[in-house]
Every structure is written in structure tokens, then in C-alpha cells.
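**Student:** Chain A is fixed; fit chains B and C onto it per the hints.
Chains as they are written, first to last, in our numbering: chain A, 1 to 396; chain B, 1 to 570; chain C, 1 to 210.
Source of the hints: derived by calculation from the structure; they are not laboratory data.
A portion of the hints provided could be inaccurate.
[What the hints assert, rightly or not] Listed next, the in silico BS3-like pairs over lysine-lysine satisfying Cα-Cα at most 30 angstroms (straight line):
| no. | chain 1 | residue 1 | chain 2 | residue 2 |
| --- | --- | --- | --- | --- |
| 1 | C | Lys12 | C | Lys61 |
| 2 | C | Lys61 | B | Lys184 |
| 3 | B | Lys247 | A | Lys108 |
| 4 | B | Lys566 | C | Lys12 |
| 5 | B | Lys102 | B | Lys483 |
| 6 | A | Lys105 | A | Lys84 |
| 7 | B | Lys184 | C | Lys140 |
| 8 | B | Lys102 | B | Lys306 |
| 9 | C | Lys12 | B | Lys184 |
| 10 | B | Lys391 | B | Lys184 |
| 11 | B | Lys247 | A | Lys84 |
| 12 | A | Lys162 | A | Lys335 |
| 13 | B | Lys349 | A | Lys162 |
| 14 | A | Lys108 | A | Lys335 |
| 15 | B | Lys102 | C | Lys12 |
| 16 | A | Lys133 | A | Lys162 |
| 17 | A | Lys335 | A | Lys62 |
| 18 | A | Lys105 | B | Lys247 |
| 19 | A | Lys108 | A | Lys88 |
| 20 | B | Lys247 | A | Lys392 |
| 21 | A | Lys108 | A | Lys133 |
| 22 | B | Lys472 | B | Lys483 |
| 23 | B | Lys247 | A | Lys245 |
| 24 | C | Lys129 | B | Lys283 |
| 25 | A | Lys133 | A | Lys120 |
| 26 | A | Lys108 | A | Lys120 |
| 27 | B | Lys391 | C | Lys140 |
| 28 | B | Lys283 | A | Lys88 |
| 29 | A | Lys330 | A | Lys130 |
| 30 | A | Lys388 | B | Lys247 |
| 31 | A | Lys162 | A | Lys130 |
| 32 | B | Lys306 | A | Lys335 |
| 33 | C | Lys129 | B | Lys184 |
| 34 | B | Lys184 | B | Lys283 |
| 35 | C | Lys170 | B | Lys184 |
Remember, predicted model here, so these are calculated numbers, not experimental data.
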Amino acid sequence: MKQMLLGVYFVLLSCSPALGAEWEDIVAAAAGQTVYFNAWGGSQPVNAYIEWAAERVQEKYKVRVVHVKVTDIGDVVSRVLIEKSAGKDTGGSVDLMWLNGENFKAMKENNLLYGPFSRKLPHYALADIKNKKNLLYDFTVPVDNLESPWGAAQLVFLYDSKRVPEHPQSMGDLLAFAEKNQGKFTYPAIPEFHGTTFIKQALMELIEDPEVLNHPMIASDFDAHTRPLWDFLDRLHPRLWRNGKVFPDSASRMFSLLNDGEIHISLSFNPNAAANAVENGELPPTVRTYVHASGTIGNAHFVAIPFNSSAREGAMVFADFLLTPLAQAKKADPKIWGDPTVLDIQRLSPEDGALFDALPRSPATLAPEDLGRVLPEPHVSWVQALEKAWLKKYNQ
Amino acid sequence: MLPLTSLGKSGFFPVFIMASFGLTLLAGLLGTVLPSLDYLPVIGHTRFSWSPWQEFLSYPGIFSSIRVTLISGITASASAVGLSVFWACCAHGSRTWRLFEKALSPLLSIPHAAFAIGFGFLIAPSGWLVRMVSPGITGFSSPPDWILLNDPYGLSLAAALVIKEIPFLVMVMISAMGQLDMEKTLLAGRALGYKKEQIWLKILIPRLYPHIRLSVFAVIAYSFSVVDMALILGPGSPPALAVQILKWFNDPDLSLKLVAACGSLFLFALVGAGIGAAFLMEKILGFFLAPWVVNGRRRSILTRLKPLFLLPGLGIMGITGAATLLLVIWSFARQWQFPEVLPASWSLKFWTTGLVSCFYPFVTTLLTGMAAALLGLVLTIGCLEHGAGAKRKGTRNLNTPVFYFLYLPLLVPQISFMAGIQLVLVVVNLDGSWITLLWSHLIFVLPYLFMVLQTTYLSYDQRFWDQALLLKRSYFPALFRIKLPMLVRPVLFSFAIGFSVSVAQYIPTMVVGAGRFSTLTTEAVSMASGSDRRALAVYALLQQALPMIIYALALITPKILYYNRKGMQV
Amino acid sequence: MCLELENLHIQKQGTSLFDPVNLVIAPGEIATLMGPSGCGKSTLLSAVSGSLDPVFTLTGKIRLNGREITSLPMEDRNIGILFQEDLLFPHMDIGSNLAFALRENIPGPERRALVGRALESAGLEGFEKRDPSSLSGGQKARVSLLRSLLARPGALLMDEPFSRLDQTLKAVIRTFVFSRIEEMNIPALLVTHDPADCPGGGRIINLDKG
Chain A
1 MKQMLLGVYF
11 VLLSCSPALG
21 AEWEDIVAAA
31 AGQTVYFNAW
41 GGSQPVNAYI
51 EWAAERVQEK
61 YKVRVVHVKV
71 TDIGDVVSRV
81 LIEKSAGKDT
91 GGSVDLMWLN
101 GENFKAMKEN
111 NLLYGPFSRK
121 LPHYALADIK
131 NKKNLLYDFT
141 VPVDNLESPW
151 GAAQLVFLYD
161 SKRVPEHPQS
171 MGDLLAFAEK
181 NQGKFTYPAI
191 PEFHGTTFIK
201 QALMELIEDP
211 EVLNHPMIAS
221 DFDAHTRPLW
231 DFLDRLHPRL
241 WRNGKVFPDS
251 ASRMFSLLND
261 GEIHISLSFN
271 PNAAANAVEN
281 GELPPTVRTY
291 VHASGTIGNA
301 HFVAIPFNSS
311 AREGAMVFAD
321 FLLTPLAQAK
331 KADPKIWGDP
341 TVLDIQRLSP
351 EDGALFDALP
361 RSPATLAPED
371 LGRVLPEPHV
381 SWVQALEKAW
391 LKKYNQ
Chain B
1 MLPLTSLGKS
11 GFFPVFIMAS
21 FGLTLLAGLL
31 GTVLPSLDYL
41 PVIGHTRFSW
51 SPWQEFLSYP
61 GIFSSIRVTL
71 ISGITASASA
81 VGLSVFWACC
91 AHGSRTWRLF
101 EKALSPLLSI
111 PHAAFAIGFG
121 FLIAPSGWLV
131 RMVSPGITGF
141 SSPPDWILLN
151 DPYGLSLAAA
161 LVIKEIPFLV
171 MVMISAMGQL
181 DMEKTLLAGR
191 ALGYKKEQIW
201 LKILIPRLYP
211 HIRLSVFAVI
221 AYSFSVVDMA
231 LILGPGSPPA
241 LAVQILKWFN
251 DPDLSLKLVA
261 ACGSLFLFAL
271 VGAGIGAAFL
281 MEKILGFFLA
291 PWVVNGRRRS
301 ILTRLKPLFL
311 LPGLGIMGIT
321 GAATLLLVIW
331 SFARQWQFPE
341 VLPASWSLKF
351 WTTGLVSCFY
361 PFVTTLLTGM
371 AAALLGLVLT
381 IGCLEHGAGA
391 KRKGTRNLNT
401 PVFYFLYLPL
411 LVPQISFMAG
421 IQLVLVVVNL
431 DGSWITLLWS
441 HLIFVLPYLF
451 MVLQTTYLSY
461 DQRFWDQALL
471 LKRSYFPALF
481 RIKLPMLVRP
491 VLFSFAIGFS
501 VSVAQYIPTM
511 VVGAGRFSTL
521 TTEAVSMASG
531 SDRRALAVYA
541 LLQQALPMII
551 YALALITPKI
561 LYYNRKGMQV
Chain C
1 MCLELENLHI
11 QKQGTSLFDP
21 VNLVIAPGEI
31 ATLMGPSGCG
41 KSTLLSAVSG
51 SLDPVFTLTG
61 KIRLNGREIT
71 SLPMEDRNIG
81 ILFQEDLLFP
91 HMDIGSNLAF
101 ALRENIPGPE
111 RRALVGRALE
121 SAGLEGFEKR
131 DPSSLSGGQK
141 ARVSLLRSLL
151 ARPGALLMDE
161 PFSRLDQTLK
171 AVIRTFVFSR
181 IEEMNIPALL
191 VTHDPADCPG
201 GGRIINLDKG
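So here's chain A without its partners, still in its complex pose (with noise of 0.2 angstroms):
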């Protein structure tokens, strides 16, 4: 047994130089390329922090690297079909793509995606596989390395301070906000992902048996199952901002109306969007984060590689930059972005993870070790016919 544990352990050692040699080679290819990333454009902060990776790996690999700003990645999914259906087999239009969930799915199900290649980044040995098991499933879907990770997310709640004395601890807590306060919280129409993710959370807490949740769903005990969810829904949508009749289109929109007052408790997926927003002027200085006592729902956010690409090496040496550790920090600052880093900061070098250290801690965003238990995604059929049936009762 020993002999063959030894075994194995001198193939792979003699495995790594191979390794390393194989990532000089795509280094070296990568040279003069332009990387199409197609990544959602709506955020200021997140497209000047691309920008900055953009001209780090400019100036360390020579690979050019431009930021297409999508409105929704799905229109990407779409065109790298299109292209496949074409028999467009090289030069696709796109190079990496920064996605997750429903659209991986879809890109994954249609063999569309260059791979597996994340484990030939040398910098994703640094990711915390071991302690996120969303980085190995997104959304239930097994990743198989056909993404690299990029960031984390959690469902945080955002309030205003100066008008919201006491926050909510549950849905229970939110409806009794609600009712108190009439128009004052809203969450983005399904089948955005903020407000899917809003009604995903909402059937977490209030479901009989959260069990179920981790298996594929089954129609005819579905009705059942989300009874308690419609009629919490039913009694809350009335004290909803607009009275329910109307949702805003993205999470995005609502930080306007946090800002303004219109509603005084928001959403991200981003823990520490109240920070970065504070900071450039977008939200008022009194706003503060919260979570629910029971935990709330995370997951991570990935880049992948079509399978068309014709810069693919490029491709693979910007996701690996994006894992660096000089990067992820920058990331995490919220003064930049804020987004959590997918990396495993107790196995980094002390240089790297004091970058980790340094960051800036606002008032406005919870301590990482604050932001309580992270709920895992429900198995992805159940998230298709919730959004169907939320569309059926409440889109007429």
C-alpha cells in the first residue's frame, strides 16, 4: 500500500515540472492576442476595476484585453450558438465570458465551452475548493473545470439607518416591516437573479422540510411544498414600493431608490456593495448591511472560455491573472469593488495574504466573519418553476 501511495506520489511530482512547462508554452502564445471578455457593463466600479486587470496584463503578458459590456450575458450564450449552428468553429466574436449559473447551464448542456481548463492556471491551486463548495457546483451544476472562479457572492440585505432603527432578522421580521412601513422594500422582477435569489431565500426559511431543496423537485408535490412561500408573498407584495404593480428590472435600479428614499431596504449579491457605494457618493454614508439569522443564500460567479474562441490562451492567461492574489485583493477592497475572494486566504504566502489584511473595513459592510452561514443554492430544477409559477400569479 505504502509503495503504491510512494508510487503516486513520485508520478505526480514528476507531473508538475509538466505542468509548468505547459503554462510557459500558453504564456507564450498568449503574447499579442486580443481577449474579447464579455462581462455585465452596469457597474462603474466593476468596469474600471477590469480595466485596471486589463492593463496589468497588457503591460506582464502583452495580451490585449477588451471589456464588452453586456447588458445580459444570456445575448452572449445566444450569439456563441449562433456561431456554433454556423459551423463557426474558430475566430468566435467572443473569448471569455463572465458568468454563472442558468447560463453556464446552458453553455455546458450545448457544448459550447473550451475544456476543462481551469486546472491548468497555476494560480487556481490557490482556490478555496476545500471550504466553498459552490466553486465545484454552480447552482447544483458540476463545474468539471470547465470555469475558473472569480469571486463570491452572498444575498445581503442594505437599509438606511437614519430611517430603519431596527433591521430585520428574517422574511417573518421583513413582513412585519412591510406592514409597518408601506412601500418601502421592493426585489427585482423574476426572472432577474437578485429577485429569483429573493424568492429562492424566502422558500429557504419558510419551507416545512428545507430538505426537499437538495433534490430535483417533483411536480405534483411542488404546490404543496411552496404553499407557505405564495401565501407569505401574497400578504407582502400589496405593502410592496409601487404596491407590487410594478418591480424594478435589476438590483442595480434599487441602490437609486435607496438613495433617494424610495425604499428604505434594498439587496446585492455583492456583501460589500454598500461600501463601495457609500464611498463614490451613490448611497447615503448611513446605510448598513445585514443578513438573516438563519443565513442566507451564496454562490460564486465564474469566467469560462467558448469553445470558438481563437485566442483561448489569452483567455486562459487573463482568468489566471484574475486569481492572483494581487488581484482578488483589489477586488475585495471595497473601495474598488468589494467582491469576496473565491481564494483560500490561510494557504497563501504572508506577503499575499497581509494584502488581505490591509483591506479597508467599512462601516456599512458586515465583517466577513459576520456575515453568518452561507446557505447552498437549491437543486436547479426547483428554481425553474419557481420562476414559473411567481411569472403565472404575479406577471398579468
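**Tutor:** This is chains B and C only, laid out in the frame that chain A set:
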């Protein structure tokens, strides 16, 4: 020179336009009809069936989407046409009218998205208008929970559409008026004792309407199928049909592309129905109002309501000005909360970062606009020259059928045939190239160029041309040294129009550009879904500024070129 | 029932166009304004009709049937004008063109009868449904006059009304117009440069530069 001349005379330009437009529309049609019948090989659907239609008709919220489209579309078109007509009746010749005429160019040059953004800032419950009276008059310390924006019936969208469409209709009316010799009709009518407004209503509008009919149809088509303004001002969920089609097209669930195709055809049918209804209304009104025209009433309530109807013009100028002003203020704001009328703190940061980050979209917008306008001018003048030549010789004037081809892109919902074209383009590997992008803009630029230059060409005194030919004895020198310089004002004006039409394009750039090209418009609309209104304002202002600069240049250049020629100063 | 011009004086930037005019035209009378081109006779006519170009300044008074109309807008003066061009509305048939001129509050059947009688009197029986562009020059001129008169004006102004017609037609139309004016018994002012246009026995006023 000789081959080129015979090329021009042989009708090359009209034929080229008809062939290319025809092909494009055919491609769009193919890419839409086939998937709507469940035929889309790429996702494995190779058998024709009705299931996409079934899914379309049973999609949750679909009837609300259709309702929104109908309400906003009909309200906007009817109000725009009605108000333009009454505006012309009551205000023509007055000082307000002349002011409005001068303001037309800036009003028309503001891209729809930029205006929608500013308009949203103005009328939102947390917007400027409410802030001006809060908490003073209203007592609000928080914005009221009113549905003023993104309302489920699309009325705020309709309002913005009306404000954008009236200047367009007025411009078309003015150019048609030029052909009609209205002064004499007004004299004859007044000599018979009729008040000016009555003459307008009873005689002039009926004479004018056939000339603006096609533009009215274009307005109807636009109101039903607008996407960028609907994204910003229309309801979110369920959205207007055109927006829903875009969402389906972009959905990760790829089978929704089939539903998108159905939606496109349905929207096209709605537009067709709207246009048909307008045509029917015209005939019905003509029939039923005939006795009223000759009933001898010389004055009507219009005369007494006249001051009221001066409002549309003033209102439009005022609202557009306010919307732009708001964009300027937001672009310099750091922190601005309700109910402050002005920001609490200011910052230049968004301008400095904005100007730097907008470099590539700016250049793309500028180059594409210039190229589209220039190419459009060449094609249009080529056609019009052919038309002028054909008229003199009595040979067949190919411009008549060309006219209908040119107008088609304005009557077919953009989202409908653009999505279809994208599929075809990818097959022939032409998507994502700048040439294709240019062409997609050109399709929408050409109709406007044609509209504007055609009236100029028709009213050009042919005797100048005869003299020029006799003196120069050659075609191109006569064209470039006599005719075009004489027409420098309308030619430059059309260039500016073509440029601004290209700048405003959203769907073509999004769909055909395959994400390679971002223009100031695509950036602005993408940022409108974000939360940073300062950066958004900067982009919206840049988007607005470009066409305005070109317009200003178009106005000034003739003045400079011909500063010492009074005859050119008309 | 008279048309009176009292001390009517028109100036452009301080320069007088002609000497102040004093004129009283009796009902049924046709006065003719004559003078070389550019002497201001059309301008005078436009002053009386109410369509004077703002670059001119007007002093003096104009009265119709005792009522002062100097500062009234054109449509309120109750004065008809016959132009060189027939100005028939091209998108309406002859009958509608004529009916347009009738006063309001006349019921439909009576309107049709009035139009029919007018057309009969001009030898244009049955022309109600005709398209104006299908008529000859002379026919159009007659319809134009009929239209002006159906509005029952208190006075009629004519600005070179026959200059577009050929010689033979001129005589016929002239007679037609003058006889109608006499019939309606309204004062009329004719502007022309052709001496043959003057009605026999009518007053001729020569405008001289002031």
C-alpha cells in the same frame, strides 16, 4: 468619366439600393419565419410545427405585454399626429412656430435613449419636478409611492415617445408645405372670411396629409416597436412586446429563440394592423368630414382655444431642455438625495473617468456615423440625379419603386428583422464585421436622407442645371461645381440627419455587431440598467453632443463658405 | 353700401409710395387703379384687403358700409378678392369649392340649390362633381368669381384678374365679372395695367408717385 456617367444615368444607384434592401429584408424574413415554425437546426429543431406559437400565446404575461404595446403605441402615435396637426393649425406663422422651427435640428438630433434617460430623471416620483415642490408644497420628505415611471400601461413611455415624435412630424410637414404653396391658399380662404385655423383644418391639412402619410406610418411602426426607450421608461415586467422579444432572444433557454421569432412576426402584424387602421381612419374621416368642410363655419372652438395649442411647441422645447439640463447636473453630482433640488456635493470625477473610458465607443460612433452619412449621401444623390435625368428624358424613373423599398425598414419593427438577419449573417460569416455594422446603420439612414433631399431636388430650378451643363459641357464638373454647391445647405443638413440617425441606433449595433462594437448608445442603454446616474449622465450627454456638433457645423459651414453671397443666405 | 378710402397713405421706411388716396366707391361701381408696374397699386389693394406686408406703414381709414375696417384682420372685413390665379382648392370638386364659400347655418339642400343656381348662371350646369384641374382656363376663372361672390362680400377687390387669360377669353370673362358685380350691387376696386380692362364708364384712378 464616360462610363461613370452612363452608370449614373442607367439607374445603377436605384437598382443597387433595391437589390441590397430586398436581400436584407428577405434574409430577415427567412431568419424569422423559419424559427417561428419550429425550424432551427442548431438547437435540433428540424421538424415544422406550431409549438412555438402555442408557447408564445401561453407565455405568462404575454397579453399584458401586448396590451402595453398597444396602449403606448396607439396613444403615442395618435397624440403625436393629433398634436402636430393642431400645432400646425394654431401656431403656424407665429413667433412660437418660428422658434420651434429653429429648435427642430437640436430636438431631432437628441438620440432617443439620451432623452429617455433625462426624461426619466425629470418625471420620476423622486425626480426633479417633484423635488421642486417638496417638501414645500407637498410635504414629502420621502418620494411618494406614485407610479409615474415604468407604469404597467406604458403611459410614461408614450409621453416620451410623443415628445420625440412631434418634432419629426413637424419637420416632415414643413418640407411638404414647401411644395404646396400654402400662402396663396391661406389668402384665398381668408378672402372668403375664414379664420386661419379653420383654413388649416379644413383645407390645408387634408392637402398636406397625403404627403406625410408615410411618415405617420413610420411613427406608428416606431411607437409599437421601440426597444431602447421601452427598456428605460416602459414597464419592467411584463415589458412591452418588443422588449420581451429581445429578452427571449437573449435567454439562456435557447428554445425561446423560436418564441422570439413568433413574437417578431406578431409584432410585425400589430404594426401592420396599426398602419391599416390609420389608413382606414384617414378614409373614414375624409368621408364623414366632407360635409363639415363645406358647412360654411368660418370659426371654431380652435380659435378660442388657440393659446392652449401653442403649448405643445413650448412644452416640447421646455421638457427637452429640462431633461438635458438634468443630465448636465447629474454628470457633475457627487451626492444628490431627495428632496434636494441641487446636489449636495459636486465632483468632476465622472467627467474625467467618463471621457477616458468612452474613447473606443466614441470613436466607433463617430466613424460609423460619418461613414453611414457619407455613403448614404452618395447613394441618395446618385438616385436623385437618376430621377432628375429620367424626368427630363421621360424615361422610366426607378426612384418610384426605390422609394417603397427605402421606407420598408422604417415600417418593419427593428427587433423583428434584425434578429432574423443575425442568424443569416452568422451563417455567411459576416457578423461582427464593421462593414456589416455600417450597412445595418445605412439601412435606417437612407430613408431619412431620401426624404429630406428629395424635396430639395424637386424644387431645384432646373434652369441652373441646364446652364451648368451648357457651360461645362460635362456631367461631373456641372454636378460638383454648380449643382451641389448650390445645394450645400440641404446636403449638409441631410448629412447631419444621417449622422444623428446612425448615432441613435441601438438594436442594429447590438445584434449585428456581435458585441464587437460598442457605441455611445449601447453603452448608455447598458448603463441605464445600473445604479450610477452620474456616469450614465456623462454618457448620455456625450451621445447627445456628437450629433449636435455635426448639426452646428452643418449650419455654420455654408455661412462661412458663402459669407459674401447674399443669394445663398436663404 | 360704399367702400371708402380716407387719406389712405402707405409708406415704406419713410418713403411714400403715392399721394394719399381719397376714394368713395358706390355700390355696383367698379373703380380701376392704374399705373406702371412698381407704382404700388397692388400694395394699395393689399392694404384694403388686409394683407399688407408688415414692412409698410399705413395711415388713413378704410370704411365699408360705414363700418371702419382699417385694423380688422383680413377674414373679418367681409371683402372678397379675385386673384390672377383661380386658387381653386385642387383636392375638392367644383361643387365643394363653391359650397365652401357659403355662409353657415344654411341647410344642406339649400346649399346644393344655391351652388347649382350659381353654376347655371355661368353656363356651367352639372359641373358640381368635376375636378378643378379638368376645367379650361375660362371655366376656372368663372368658378373662381362665383366662389368669391357666393360668400356675399360687401365689396370685391380684383388684382389683375384677367392677365392670365388669352385675348378672346378676356373679353368674355370681363363682361361676365362686371355684370355680376352690377347684379350684386357691391362696390368693386380693380387693379390692372391693361387699359382694355377698364369697364366702360367706370372711374379710373392713376396712382402717381408722391
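**Student:** If you test the structure against every hint from before, which numbers come out violated?
**Tutor:** Numbers 14, 16, 28, 31 and 32, in rising order.
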